Amino acid sequence: SQELEQSPQSLIVQEGKNLTINCTSSKTLYGLYWYKQKYGEGLIFLMMLQKGGEEKSHEKITAKLDEKKQQSSLHITASQPSHAGIYLCGADIVNNAGNMLTFGGGTRLMVKP
Amino acid sequence: DAGITQSPRHKVTETGTPVTLRCHQTENHRYMYWYRQDPGHGLRLIHYSYGVKDTDKGEVSDGYSVSRSKTEDFLLTLESATSSQTSVYFCAIRERRYNEQFFGPGTRLTVL
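Chains as they are written, first to last, in my numbering: chain A, 1 to 113; chain B, 1001 to 1112.
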């Protein structure tokens, strides 16, 4: 979706390196969701952020929602081959009802052993 | 996995035939969603439901209808399938307490 831009579109990193994926909106993000998708499979929920400045972590993955609630970043520390896949951000940019989610185009991550 | 199943998981059909996809959940969630995922377009919302017999349109609802006669099942129907409806279809539920959305495993539909 052009309303929700992810960058970079693809990323190749060496195992052990850190990386950051960004999700930027021209509208206020009422709720921001991060998912991981393995090629040809379903979406795995990673985390959800709602409050400006909020930060959540799960294992080696940290996501933040900036104060103005128009950008989120996903940071992976010490990447592993198991982190490879497509990372998708989804956001409620219509209202705060949580029903009309818009998704970014995804970031393809490859981790070289 | 939030107790979501989709059936069938794969289907090949011909243009003009009706197709129904089923989403089943076991945890009594009120909100359910149907998305399609296509290269170059990403994930787009087709329809959603906020209760039994309560549904609303999403971004790409043309050519699709839905029904929800009981809490656990949300059906997506293509009345007359077209090749442009070849896609991967995902069902999702919204967990009420934290507003988190969880997705089903997907159905790959090919319309020849």
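For the record, the hints were derived by calculation from the structure and aren't laboratory data.
Small disclaimer: the values here were computed from a predicted structure and weren't measured.
Check before you lean on any hint, since a few could be wrong.
Claimed, not checked - With beta-carbon atoms standing in for the labels, derived distance ranges:
id	chain 1	residue 1	chain 2	residue 2	range
1	B	Glu1079	A	Pro81	18 to 28 Å
2	B	Glu1059	A	Tyr39	21 to 31 Å
3	A	Glu55	B	Gly1003	44 to 54 Å
4	B	Lys1070	A	Asn18	46 to 56 Å
5	A	Lys68	B	Gly1040	23 to 33 Å
6	B	Pro1039	A	Gly16	30 to 40 Å
7	A	Thr28	B	Ser1083	31 to 41 Å
8	B	Lys1053	A	Gln14	45 to 55 Å
9	A	Met110	B	Leu1112	44 to 54 Å
Stated by the list, open to error - Below, simulated DSS-like cross-link-like pairs (lysine-lysine); rule was C-alpha separation at most 25 Å, straight line:
id	chain 1	residue 1	chain 2	residue 2
10	A	Lys51	A	Lys38
11	B	Lys1057	B	Lys1011
12	A	Lys27	B	Lys1011
13	A	Lys51	A	Lys68
14	A	Lys17	A	Lys51
15	B	Lys1011	A	Lys38
What the hints assert, rightly or not - If we take Cβ atoms under 8 Å as the criterion, some of the chain A residues that face chain B in the derived model are:
id	residue
16	Gly31
17	Tyr39
18	Phe45
19	Met48
20	Ala84
21	Gly85
22	Ile86
23	Asn99
24	Phe103
25	Gly104
26	Gly105
27	Met110
Every residue, glycine too, gets a C-beta built ideally from N, C-alpha and C.
Status of each hint after checking the structure:
1. Remark: the range hint 18 to 28 Å for Glu1079 (chain B) to Pro81 (chain A) is contradicted by a beta-carbon distance near 44 Å.
2. Evaluation of the 21 to 31 Å hint for Glu1059 (chain B) and Tyr39 (chain A) yields a pass: the beta carbon distance comes to about 24 Å.
3. The hint said 44 to 54 Å for the Cβ distance between Glu55 (chain A) and Gly1003 (chain B), and at roughly 29 Å that hint is violated.
4. The supplied range of 46 to 56 Å is met by Lys1070 (chain B) and Asn18 (chain A), whose beta-carbon atoms lie about 47 Å from each other.
5. Lys68 (chain A) and Gly1040 (chain B) have their C-beta atoms about 29 Å apart, which keeps the hinted 23 to 33 Å range intact.
6. For Pro1039 (chain B) paired with Gly16 (chain A), a C-beta distance near 31 Å keeps the hint of 30 to 40 Å intact.
7. As the Cβ distance of Thr28 (chain A) to Ser1083 (chain B) is approximately 38 Å, the hint placing it in 31 to 41 Å holds.
8. As the Cβ distance of Lys1053 (chain B) to Gln14 (chain A) is approximately 53 Å, the hint placing it in 45 to 55 Å holds.
9. The hint said 44 to 54 Å for the Cβ distance between Met110 (chain A) and Leu1112 (chain B), and at roughly 33 Å that hint is violated.
10. For the hint pairing Lys51 (chain A) with Lys38 (chain A), the CA-to-CA distance comes to about 28 Å; that exceeds 25 Å, so the pair is violated.
11. Taking the CA atoms of Lys1057 (chain B) and Lys1011 (chain B), the gap is near 24 Å; set against the 25 Å cutoff, the hint holds.
12. Between the alpha carbons of Lys27 (chain A) and Lys1011 (chain B) the distance comes to roughly 38 Å, so the proposed pair goes past 25 Å and is violated.
13. Of the supplied pair hints, the one linking Lys51 (chain A) and Lys68 (chain A) holds, its CA atoms being roughly 10 Å apart against a limit of 25 Å.
14. Annotation: proposed proximity of Lys17 (chain A) to Lys51 (chain A) is violated, straight-line Cα distance about 29 Å (limit 25 Å).
15. The suggested pairing of Lys1011 (chain B) with Lys38 (chain A) holds, with an alpha-carbon distance near 21 Å, which does not exceed 25 Å.
16. A cut of 8 Å between beta carbons decides the hint on Gly31 (chain A): the least distance to chain B is about 6 Å, and the hint holds.
17. For Tyr39 (chain A), the shortest C-beta to C-beta distance to chain B is roughly 12 Å, which exceeds 8 Å, and the interface hint is violated.
18. Hint on Phe45 (chain A) holds. Least Cβ distance to chain B is approximately 5 Å, under the 8 Å limit.
19. A least Cβ separation of about 5 Å between Met48 (chain A) and chain B falls short of the 8 Å threshold, and the interface hint therefore holds.
20. Given the 8 Å rule on beta carbons, the hint for Ala84 (chain A) is violated: about 19 Å separates it from the nearest Cβ of chain B.
21. Below 8 Å, beta-carbon pairs count as interface contacts, and Gly85 (chain A) has none with chain B, the closest being about 14 Å; its hint is therefore violated.
22. Taking 8 Å as the C-beta contact cut-off toward chain B, the hint placing Ile86 (chain A) at the interface is violated, the least distance being around 10 Å.
23. Look at Asn99 (chain A): its Cβ gets to within about 5 Å of chain B, closer than 8 Å, so that hint holds up.
24. Interface restraint check for Phe103 (chain A): the shortest CB-CB distance to chain B comes to about 4 Å, inside 8 Å, so the restraint holds.
25. For the restraint placing Gly104 (chain A) at the interface with chain B, the shortest Cβ-Cβ distance is roughly 7 Å, inside the 8 Å limit, so the hint holds.
26. Given the 8 Å rule on beta carbons, the hint for Gly105 (chain A) holds: about 5 Å separates it from the nearest Cβ of chain B.
27. Checking Met110 (chain A) against chain B: minimum C-beta separation of about 18 Å lies over 8 Å; hint violated.
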